[in-house]
Amino acid sequence: MESIFSKKGQAFLALTFFIGGILAVAGILIAFITRSYVDTGYGVAASAKAEEAATAGAEDGLLQLDRNAAFSNTTGYSVSSASSTTATVTVTQNSPSAGLVTILSASTVSGHVKKINVVVSENASTGQVSVVSWTDIQ
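For the sequence shown, the numbering used here puts the final residue at 256, and the numbers step up evenly by one.
There could be a bad hint or two in this list.
Said to hold, decoys possible - Result set (EDC-like, lysine to aspartate or glutamate): computed pairs, CA atoms no more than 16 Å apart in a straight line:
1) K233 to E170
2) K233 to D254
3) K233 to E169
4) K233 to E177
5) K233 to D178
Just so you know, these hints were derived from the structure itself, not from any lab.
Values in this document were obtained by computation on a predicted structure and should not be read as measured data.
Sequences are here, hints too, so could you generate the full structure?
In structure tokens, the structure reads:
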């Protein structure tokens with residue numbers, strides 16, 4: 119013959135497991151959301167640093183062309199930005215067509231890649247550099 123106390127004990131044990139399971143799922147969910155939030159913050163910061171470095175590289179390419187209209191570097195050179203990140207810059211004369219210069223600046227920070235492509239024309243008589251297009255590739 120079963121007593122009434124053993125049935126209450128069984129119900130209490132089942133309730134304990136049920137509440138414990140809910141608390142475990144809630145804890146895992148909170149940990150996942152917190153980690154995602156932190157990772158997103160770092161990703162945004164890394165992307166911004168890569169963008170800053172790529173922009174600094176493109177502007178340096180423009181400065182090089184302003185100083186020397188025949189400047190060309192197809193192998194790439196490095197430019198450091200204020201946030202201690204670097205960009206690799208290539209300057210190609212007569213690209214995409216004669217009389218135009220293409221500047222490609224690329225930077226990678228924590229896996230976040232930013233590339234900026236600038237096409238420039240230069241007036242042969244005045245030496246004035248004019249930006250034809252400024253495109254964020256990636």
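Verification of the hints:
| no. | hint | in the structure |
| --- | --- | --- |
| 1 | K233 to E170 | holds, 11 Å |
| 2 | K233 to D254 | holds, 6 Å |
| 3 | K233 to E169 | holds, 8 Å |
| 4 | K233 to E177 | holds, 13 Å |
| 5 | K233 to D178 | holds, 14 Å |
In this structure, every one of the numbered hints holds.
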